[in-house]
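**Student:** Here are the chains, one letter per residue:
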Amino acid sequence: MQVLYFAWVRERIGLPKECVESDAKTVSELVEELRSRGERYALAFADTSALRVAVDQELTSFDAPLDNAREVAFFPPMTGG
Amino acid sequence: MQVLYFAWVRERIGLPKECVESDAKTVSELVEELRSRGERYALAFADTSALRVAVDQELTSFDAPLDNAREVAFFPPMTGG
Amino acid sequence: MVVRVQKDSFDAGQVLNEFSSSASGSGAVVSFTGIVRNVAGGLKHMEIEHYPAMTQAAIEAIEAQAVSRWELDGCLVIHRFGKLVPGEQIMMVLTAARHRAAAFEAAEYLMDYLKSRAPFWKKEVTESGAQWVEARSQDEEALRRW
Amino acid sequence: MVVRVQKDSFDAGQVLNEFSSSASGSGAVVSFTGIVRNVAGGLKHMEIEHYPAMTQAAIEAIEAQAVSRWELDGCLVIHRFGKLVPGEQIMMVLTAARHRAAAFEAAEYLMDYLKSRAPFWKKEVTESGAQWVEARSQDEEALRRW
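Protein chains in written order, with my numbering: chain Z, 1 to 81; chain H, 1 to 81; chain U, 1 to 146; chain G, 1 to 146.
Derived from the structure by calculation, the hints contain no laboratory data.
Fair warning: this is a prediction, and the values are worked out from it, not measured in the lab.
Glycine included, every Cβ here is placed at the ideal spot set by N, Cα and C.
Be aware that one or more of the hints could be misleading.
[Stated by the list, open to error] Covered by chain H, per the in silico footprint, the following chain U stretches (three or more residues, Cβ under 8 angstroms):
#1 22-30
#2 53-60
#3 108-118
[What the hints assert, rightly or not] Keeping only pairs whose Cα atoms sit at most 16 angstroms apart, straight-line, the calculated EDC-like set for lysine to aspartate or glutamate is:
#4 Z:17 / G:49
#5 G:83 / G:47
#6 H:17 / U:60
#7 U:123 / H:11
#8 U:123 / U:134
#9 G:44 / G:105
#10 G:7 / G:88
#11 G:123 / Z:11
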């Protein structure tokens with residue numbers, strides 16, 4: 001699947017998106033796998049309560065199933081308007 | 001004092017303003033005097049709950065004193081905006 | 001705090017742009033434009049009567065209340081009188097503030113008070129005759145929230 | 001129901017006039033314009049990042065909610081991304097309805113949801129560095145009233 005990062009999540013991880021092979025069943029499981037990729041990831045995902053997630057462009061929660069998700073995006077709370 | 005009429009009050013009475021000599025102490029006393037001027041006035045002032053009054057260009061109530069008022073205006077509830 | 005009571009039409013877009021430019025430093029600008037709607041039976045035109053000696057001061061007093069309740073960087077009211085046809089703009093309220101809540105609340109406050117406390121009266125002229133618009137009880141009730 | 005997500009600036013006054021013309025029959029048009037404010041320390045510019053694949057659909061979903069809750073004759077959202085300097089317009093929301101209450105409420109609803117549910121992130125660049133704007137707790141709380 002494609003994993004996208006925005007705002008300071010993108011900056012901490014150091015890239016805007018990447019292709020990730022994963023058998024994670026939920027967003028949380030995917031986060032666990034990403035954390036193990038190294039310090040930058042561990043730092044970016046240190047506190048998921050400060051993060052938001054969208055699966056296939058729909059806002060959802062960290063316990064959401066991934067099913068056949070093609071795109072998962074992580075970002076801080078939005079500050080539009 | 002000058003007495004002004006607006007909207008349907010003006011139309012019922014048939015004039016926009018007139019000079020009135022009166023010793024009325026309150027707006028209500030002035031209304032009583034005006035009612036006695038004839039059918040048009042009696043009709044216009046039949047139900048004061050349907051009317052609003054301004055004394056010297058300030059909205060007020062029918063029991064307000066007239067003191068040395070120079071201008072009293074009667075009109076229906078406003079419909080601006 | 002500006003009030004314009006006028007017979008002539010105005011360009012709402014131009015008013016908005018000029019207002020926004022003058023309220024520099026604001027993060028939020030809210031505008032309300034009131035437009036003559038058609039009515040059942042077909043409106044030929046609307047006539048707006050007002051009380052010239054009182055109108056300007058009455059609107060200024062409403063604006064002063066708004067300015068005392070919210071931190072505004074600017075506030076403008078335009079209200080027309082005379083003969084207006086459907087589609088024409090009757091009036092406009094603009095507010096500017098640092099944040100959106102103040103700008104929205106002040107604009108609604110101004111509208112609520114203009115509706116029921118500024119000395120204007122509307123008359124609708126249709127094919128079948130003319131009649132004065134009656135004040136709506138909701139408009140009086142709207143004042144209670146402030 | 002129109003959504004424009006764009007890098008380019010826009011003329012708020014022209015947008016308002018075109019919107020009002022297209023929403024004929026409405027008695028009430030409300031507009032909100034968001035403007036880049038200066039900040040303590042001096043803002044050089046602001047950078048707005050967004051999630052292109054999601055933004056349009058997310059705003060359309062917010063508009064659809066507004067349209068289902070209020071009887072609107074029209075609704076338009078413009079939101080910019082990229083680099084903006086103080087005084088520039090970031091975004092605009094417009095609503096048209098028969099009566100003012102619906103137009104005001106729908107505009108506030110749209111703003112509240114755009115603030116916290118549309119995928120935009122603001123970064124402020126000052127002389128002393130750059131930092132991401134943090135979401136305000138009031139903005140999250142504002143959603144509870146709906």
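**Student:** Name the hints, by number, that the structure is in violation of.
**Tutor:** Violated hints (numbers, rising): 1, 6, 9; every other hint is consistent with the structure.
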